[in-house]
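Chemist: Hints in hand, dock the two standalone chains.
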Amino acid sequence: MFSLLRSMWLVFLHMFHKRETYQYPEEKAPLPARWRGRIALTRDPDGGERCVGCYLCAAACPVDCISLQAAEAPDGRRYPGFFRINFSRCIFCGFCEEACPTYAIQLLPDFEMAEYDRQNLVYEKEDLLINSQGKYPGYNYYRVAGMAIAGKDKGEARHEEPPVNVRSLLP
Amino acid sequence: MTIYIDNKPYEAKPGKNLLEACLELGLNLPYFCWHPALGSVGACRQCAVKVFKDEDDKTGRLVMGCMEPVRDNLRLSLEDPGAKAFREQVIGWLMTNHPHDCAVCDEGGSCHLQDMTVMTGHTYRNYRFSKRTYENQDLGPFLNHEMNRCIQCYRCVRFYKDYAGGKDLNVFAAHNHVYFGRCESGRLESEFSGNLAEVCPTGVFTDKTLKSHYTRKWDMTWAPSVCQGCSLGCNTSAGERYGSLRQIANRYNGEVNGYFLCDRGRYGYEFVNSDQRILQPAFRPHSNGTVNKEHVLDQVAARLKNGRTIGIGSPRASLESNFALKMLVGEDNFYLGMSDSDHDLTSLALKILRDGPVRTPSLQEAGEADAVFILGEDLTNTAPMLALAVRQAVRRKPEADAMGQIHLAEWQDAAVREAVQEDRGPLFIFNTLPTKLDELAEAVQRGAPEQLARLGFAVAQQLGADIAPITGLTPEETALAGKIAAALLAAERPLIIGGYGSGCDHMMKAAANVAWALRQKGRNPLLSLTLPEVNSLGLEMLGGHRLDTAIDVLRQGEADTVIVLENDLYRRADEHLIDEFFLHAQEVILIDHLYNRTAEKATVLLPAGTFAEADGTVVNNEGRAQRYYQVYVPKGDVQESWRWCLQIAEGAQVQSLHGLHNLDDIDWALTTGMPSLASLQHLAPHADFRINGQRIPREPHRYSGRTAMQANVNVSEPKPAEDDDTPLSFTMEGYRGEPPAPLIPFFWSPGWNSVQSVNKYQQEIGGHLHGGDPGVRLLEPHVNGGAPFFHEAPDTFVPIPGHVHIMPVYHIFGSEELSMYTPGIAKHAADFCCLYLNPDDLAQWNITPGNWVTVETDHHTCRLVATANHWMPRGLAGVNAGLPQSPVVDLPVLAKMQA
Ligand code: SF4
Ligand code: SF4
Ligand code: SF4
Ligand code: SF4
Ligand code: FES
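Chains as they are written, first to last, in this note's numbering: chain A, 1 to 171; chain B, 1001 to 1899.
Misleading hints may appear alongside valid ones.
[Said to hold, decoys possible] With the C-beta cut set under 7 Å, the calculated list includes, among others, these residues of chain A facing chain B:
(1) Gly146
(2) His159
(3) Val164
[Claimed, not checked] List time: in silico DSS-like cross-link candidates among lysine-lysine, alpha-carbon distance up to 27 Å:
(4) Lys135/A / Lys152/A
(5) Lys1208/B / Lys154/A
(6) Lys125/A / Lys1760/B
(7) Lys1053/B / Lys1084/B
(8) Lys1211/B / Lys152/A
(9) Lys1635/B / Lys1719/B
(10) Lys1211/B / Lys154/A
(11) Lys1436/B / Lys1167/B
(12) Lys152/A / Lys1208/B
(13) Lys154/A / Lys1131/B
(14) Lys1436/B / Lys152/A
(15) Lys1208/B / Lys1167/B
(16) Lys125/A / Lys1635/B
(17) Lys1013/B / Lys125/A
(18) Lys1084/B / Lys1008/B
(19) Lys125/A / Lys1131/B
[Stated by the list, open to error] Over 12 Å on every C-beta distance to chain A, these chain B residues come out as not near it, computed from the model:
(20) Ala1103
(21) Asp1219
(22) Glu1422
(23) Thr1707
(24) Pro1823
Since the hints were made in silico from the structure, they are not lab data.
Small disclaimer: the values here were computed from a predicted structure and weren't measured.
Backbone N, C-alpha and C define an ideal beta-carbon position, used for all residues, glycine too.
The following block holds chain B by itself, in its conformation from the complex (with noise of 0.2 Å):
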């Protein structure tokens, strides 16, 4: 399609609209109220431009370019006086009431306000007279308002409700007193409340935690990082500034998270800046002052030569470290650092998404399914990206109906949501415990896992998989599983979720039933599974022995050393078998950035670099390896976990690693070693990469103050630290054009500070970025393999006299260890030590709610908090899972009660 835009013959996509069309051809055109993701509204009449009837009209008329869609021989005028005019007259009626704030506004510097009040030239105030104003709200720790910005766009209220399921920010009053909050102070609810930082144009919605250590945009020093909040690795940028990591911001990527974060990955970063930190090698419990790096290394290598060593891995570590690791202890010698039942989960979802023919979808894929099954997921809790993505994929059915009967363009938002109004495609939950998803979902069951699992099974089965029959079920099940088979067999894209999160394997065995059985039919669902932590499928892929038995091996004096890998053993088997673990360990070799419990226990420690300090390659739940670079040169002798295993290698003399010294290095020694992972050579550009003999600067070019940063410790400047394992430098200099995506250290473009210069970035609006998104996928589908049911359903749930099966139960704050270090999020944490009850079983037991119980597993006692819940069935109990000093931390598990 060719639209002539002031004279000038453009080719254009159809399906878009005209400001669509202008950014993604490169043009600047100002606009407030639109949002590539949020579609268009036609409210702030900002995006104005000519159009006219034909080549000789020259009069031509104003529309507003995200209303209009792209037609064949369309001409239009961007630079038309009249046209001109009218942006700088809307802009300059929206800054009447600006206040004179930009100096204290947080926003400043990466204002889309700012830059679009440039752009259309409204440089001076002709407004004279009195400004409205607005009392601001306290809205948690997360988010600042300062509602006397407001340009009243509408973004916020559209992202926040209608995109993300938020209840609890509105719009109050009317005319021009519209305001934008909550009805009285409060922490904002959603989970994605602090996209609103980015959303929203202005500086009415700031983040909070930046506020904290406010440093501008163009101060900071930014690396391409990857989120470690959880397993689906949303993509972030990481800024730094005097040797602290400020703020975490979204780093656009097509096929993963899009525009948005949520809670936990945008604000979990405080842990970097912990005065908790390890920060030089020391001997424990007795060594005097610090050390020398050397002396650890010779005493580590020394130690290595003689004992017997194992190590234990971690999925909070990189691929990259802990395959330096493997290989310094020898294959047989590593094991997993995940609680047995993190490891059973994890291998099984492994083994399903490897042999299963069955794709796994990216999360943007997953936004666009047209109809959803959660099996035994809280996806809100376990993967909370992936339920703003469920979110969208429950609007798609609708969505398309609509647009198929009255003609719309998909971006006329508030068109199609009149048009679709409370219709919703199917969705079906099924969870032990209420979701935040359940208000869209056609049908939710609850009950126990394995009741639930079954369920799932008889779906499978009606859908024509191999299984042994499902008995038992009352006719109000069985016709739910009819009913679900139907709307999954009628879907175009139907995906199934399962994961982690109800901790039983059956249910991811369900979910893999259910998609294979329709990919049986000659469907094409999709399968996603949920996984613990960021790396749990990298460390999988790897492989390695379990760790129960790491501590036979111990406990059977086979070995006497211990490696630990960035891990808190005590949060991975409950806390009598990690004091066993640890009695019978001479050494202990702890690599880690955090002091916590097994740090307690280490003989030596080693500062390992957070993701802020560190290059490393992460695998998320979709089999994606991601690479994340280090921001900032670290304090004291921290240093990449990897380069400790090497540099102790070296010591050692281990000879597959040997002459191993940077990134480039180990990851050539770990796909060689690993046929699987060879893609991963392609995940990035080498450390020679560069663009016209350049690096990629890590910091932006107004970057300030670098010669007096450090100045009161020494006028003359030190030289610069030089990276030798990425393309990036520690600098400002460097190539100043587009990088390539993979090393996109901030987004920026000339005349757009904001954040929305991503759409400089794009092949398409809303699209991949040039050169395609980041991130290698690992795993196919085994297309041709056949579909490997799992035959046997699990038995009906039965109480056992006595006992209460433990149930993990998952949050966004609290669950993730990490995370926890950062004050607000610790603050709205889940409850602890809190053991959830169905009443009729605190009944039956005699118990008075809030009263301690003691629950018995494995010989060993504990006790917890008795909360009533009936949603738990009888002989259910949950507890808030990973909470810091949680007394029960392998879950599922079968326990003993007291009163």
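Just chain A, same shape as in the assembly (with noise of 0.2 Å):
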């Protein structure tokens, strides 16, 4: 008997705490950076798409819902002509984010993607590019990476050497 009246008495002192309960969607909870919600490929400082295609995310991907094809640009920049994750079936383990890289593929803060249509699940590159570095600002993979595009020719990547003269044998 006193221990149910304890009970009562503890359960009735807890309306005067702080409340944890969110009044959701009228009040939004403060998510941290690296909460793994919905995915985004984002672009780097010069503001060209980061992803260049490399399949690492997909293979990584424990329940296959990325797709992709690689694709080069005349400029030698490689990405992905089509980009398409399936949301349905998507768990949001950030292996993805984890393989990625370039920092291309991020998971950001944001898990409101309920449908009513499961097909509507399913993003398409145009969904999933944004205008933005995400959490990684500054890094831009063609500024590390030896491969020439447009405007970044050989022996301009950083740490690099200008191109050897094959013609030369001085030593």
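Modeler: Now the structure itself:
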């Protein structure tokens, strides 16, 4: 009997505690920057598409819900011709983000993706590509990679010597 | 021989090096510069192991595994901390200048450098300074060049120059600046350049056609396949993604192609993705929209029941498809869809190989011959990989001499080459035009094919063949015949090569006579005959009537319906004949995959699967039946030609095909119907074959995107396709261990993602695959049958006034029908409409080179561009054979010529 009353009393006291419940959707929970929510494709500091279509995210995905086709632009940059994520399958594990060598694919603090029709959960590149660098500002893969692209020739990446003169035998 | 590796005893074969021994035992030892086909040079220092004096030696010394021979009771350690640290250091150094490129590198996921880096445990870069860089070159349509990725292992030049005889790839500059490329941008000239993509352990050389629709190795659906490019039937792995064929990779077969392919084979696949593909059945000329498949089948079956139908087979279709058509139309109504000259040559080859006492070698055996005599073949263009085998064969004799003298092992590549220098074993070439192999030959003879065949007969006679004496030879010719005869007699494994290349049957007969004469002398010769197409020999074994008789049958009204199987008849006979053929045929039912000139004449089109969308068996020039497997489920109503025939047969109630549905059924009917093909039953496991109850997956275990690739169409994934014909599955589920050799879709092994993983599938490095190489030989020599010599040598070649003899000139790029759909191949194809003539003939006829001339064959004229070629004997002309829209098809032919 006593324990019953004690429990009721404790419950009663909770009415005066700070509330943990958010009045969603009027009130939004503050999500940490590393929250693993909606996936986006980001851009490099120069506004170019970061994704180079390397397929690593697709390979890392445990539910195989990423599919893409690599292509090469006339300026030498690689990019995904199409890039599709089937969010009805995605488990938001973040493996793709971890696998990505260019910081292109990032999970964002946004979970508001509910749909009445499952088909609408299939996101194409137009839906995924955002105009931002996301969580990793300042990184541009092509500045460290050895491939030449328009505006960055051989020897112009970070820590690169100018191209070798192959006709020279000088030491 | 016992060796101790990390104190465990193992059996090792003598004559090997430690690296080979370790790999053969299934142990992992990293390497770069060693290549199983190229041998060791000890350049990269990656394969270091510790070797100990005896049990008590705890210090040991570092040696390069690839340079140290196996000795009895040798003690070595792979796990020794010193050796491990050394290997990690080495890869660290190799990586100092390596670019941060994996994400944009086409080698990634099948990169030997990645694999070895992971294997040594060099996971973090220690080097923090600037990297050396290089400019790249444009190497043409087949290979991409990205020199920054080079680790200076020298494999590329060793393959390209030393192994394949290429001239235009080299190493430039010095010290840590060495550069591997051409002296200036331009297409790599070697016909084997594509192998660089697999030989180079990094992403310096990568497949450019793959780049145009790039897919990682792990993302492709693979199936074991067979090259359709020529009669050699090299083994390939074909990879698909998103419904299009992406890549042809080498599939090791210890008896056939080994580690390499030619560029026609590697790149000639793009016709599969062509927009000229027939994807839906159709009634022509006017059918509105797509027609229902059942309706078409009913119509065709009805037609078959009412009309008198003949069937035209094809040397580029499988045995199964040809057989199904033959049964569908009835044995008497089946015609081989080869040109009459091809038919003559192929049936002659079959007769020679079947009735003669001499064995025809596999490509591997051909490469081991120690004397070679080539009659009328430009092998680089008619059977490219055989040319590569001959390049190895000419090294055998001097190599054996050198090894005998200075006790070198065969794998000591640099030392053996140093000892051999420019020495070469005997190679003799008779050919009208120069060939790329001429540079290796001891003697080369030019002239008209008949003339050369006469000389070939003379060689046979010198060897004691029982044939009519050859008269009228010059003393030099007689001397040459004597020299060749002596060299062949002195050799242990002489190889005689003939074939279809000159279009002259006497050349093949001369080759047979020479081989048989050697055999009569108690030698062990080999006789290799090239043939026009991938399944020429298989079709000939099935048997059927000549194509020209089909035209007569139609003309006389004995038949009014034709079923054409995977064949463009305009490539088989001259245009006016085929036009007439179609004029007399009321219904032409074409089962094919490309919309070509024959398709334009067809009244019914049935879409056939290419080699990538069909299962089938083809027989190569060695009589080896080989199976290729469907890679993926095609679009539309595309299906195997034999399945179309079976479905038509069901509607038409053809008894002989009753109740047959899948590959095993048709193969059962084929082998029971044709006892000579009975061994096909053992070609490959049947469809119900399972390992641990599981199928063999066509997809690697890392295959990605399954739940997204079709989600744009429907978010619910479709059920994966089932395969009723083979034990392979179209998915990534199934048995993950090593499949039986005929069913290996791609080579992969834990830690070995690149093609180098093939080491794990071999009984012995460079030897047979586990369980034996795939394919069964259907032809064995008639050993006790005596030598049925061809007694009649051809007459001396004499020009006929007012006429030219036109002979075919074959080219690796251009002469084969399907590979011409690859833009890179079409770009470098031989010249169109070009008639090669001797300059003296041109002067006599008053023709300016470059002008059009009219040639008349069989009362029909066509116009060609006269081109001077001083190798053409007078009275003889050549045209580039097999080009699309070529006006003269059935070669050789005698033609009237007007300026
Ligand atoms: S891992 Fe990154 S760069 Fe590679 S395909 Fe995915 S998003 Fe693009
Ligand atoms: S060669 Fe291999 S290690 Fe080098 S960038 Fe390409 S994939 Fe990466
Ligand atoms: S290009 Fe490739 S094969 Fe040639 S040396 Fe460099 S890494 Fe080796
Ligand atoms: S030699 Fe013939 S079979 Fe071999 S890869 Fe070349 S074209 Fe194909
Ligand atoms: S593989 Fe032995 S040194 Fe290169």
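Chemist: So, for every hint listed, does it hold in this structure?
Modeler: So, going through the hints one by one against the coordinates:
Because the smallest distance between the Cβ of Gly146/A and any Cβ of chain B comes to about 3 Å, under 7 Å, the interface hint for this residue holds. The interface hint given for His159/A holds, since its Cβ lies 5 Å from the closest Cβ of chain B, which is under the 7 Å cut-off. With a cut of 7 Å, the hint placing Val164/A at the interface with chain B holds, because the nearest CB-to-CB distance is about 5 Å. Pair hint Lys135/A plus Lys152/A holds up; C-alpha atoms about 25 Å apart against a cutoff of 27 Å.
Taken as a hint, the Lys1208/B and Lys154/A pair is honoured in the structure, with Cα atoms around 20 Å apart against an allowance of 27 Å. Between Lys125/A and Lys1760/B, the direct Cα distance comes to roughly 40 Å. Violation of the 27 Å bound is thereby established for this hinted pair. A threshold of 27 Å between alpha carbons decides the hint, and for Lys1053/B with Lys1084/B the separation of about 19 Å falls inside it, so the pair holds. A distance of roughly 21 Å separates the Cα atoms of Lys1211/B and Lys152/A; the hinted pair therefore holds under the 27 Å criterion.
This hinted pair checks out: Lys1635/B and Lys1719/B have alpha carbons roughly 16 Å apart, not beyond 27 Å. With a CA separation close to 20 Å, the supplied pair Lys1211/B and Lys154/A stays within the 27 Å bound. Simply put, Lys1436/B and Lys1167/B have alpha-carbon atoms about 11 Å apart, close enough for the 27 Å limit, and the pair holds. Straight-line distance between C-alpha atoms of Lys152/A and Lys1208/B comes to about 22 Å, which keeps the hinted pair within the 27 Å bound.
Distance restraint check for Lys154/A and Lys1131/B: the Cα-Cα separation of roughly 11 Å lies within the 27 Å cut-off, and the hinted pair is therefore satisfied. Distance hint between Lys1436/B and Lys152/A is unfulfilled; the C-alpha atoms sit about 42 Å from each other, more than 27 Å. Among the hinted pairs, Lys1208/B with Lys1167/B is consistent with the structure: their alpha-carbon atoms are about 21 Å apart, no more than 27 Å. A hinted pair counts as satisfied when its Cα atoms are at most 27 Å apart, and Lys125/A with Lys1635/B qualifies at roughly 25 Å.
Pair hint Lys1013/B plus Lys125/A does not hold up; C-alpha atoms about 56 Å apart against a cutoff of 27 Å. Pair hint Lys1084/B plus Lys1008/B holds up; C-alpha atoms about 18 Å apart against a cutoff of 27 Å. For the given pair, Lys125/A sits about 35 Å from Lys1131/B by alpha-carbon distance, which is inconsistent with the 27 Å threshold. Look at Ala1103/B: its CB is around 4 Å from the nearest CB on chain A, not clear of 12 Å, so calling it non-interface is violated.
Interface exclusion of Asp1219/B from chain A breaks down, the closest Cβ pair being 6 Å apart, not more than 12 Å. Every C-beta of chain A lies more than 12 Å from that of Glu1422/B, the closest at about 26 Å, which supports listing it as non-interface. The Cβ of Thr1707/B does not lie farther than 12 Å from every Cβ of chain A; its closest approach is about 4 Å, which violates its non-interface assignment. In this structure Pro1823/B is separated from chain A by more than 12 Å, as the shortest Cβ-Cβ distance comes to about 16 Å.
Going down the numbered hints, you'll see the structure goes against 6, 14, 17, 19, 20, 21, 23, while the others check out.
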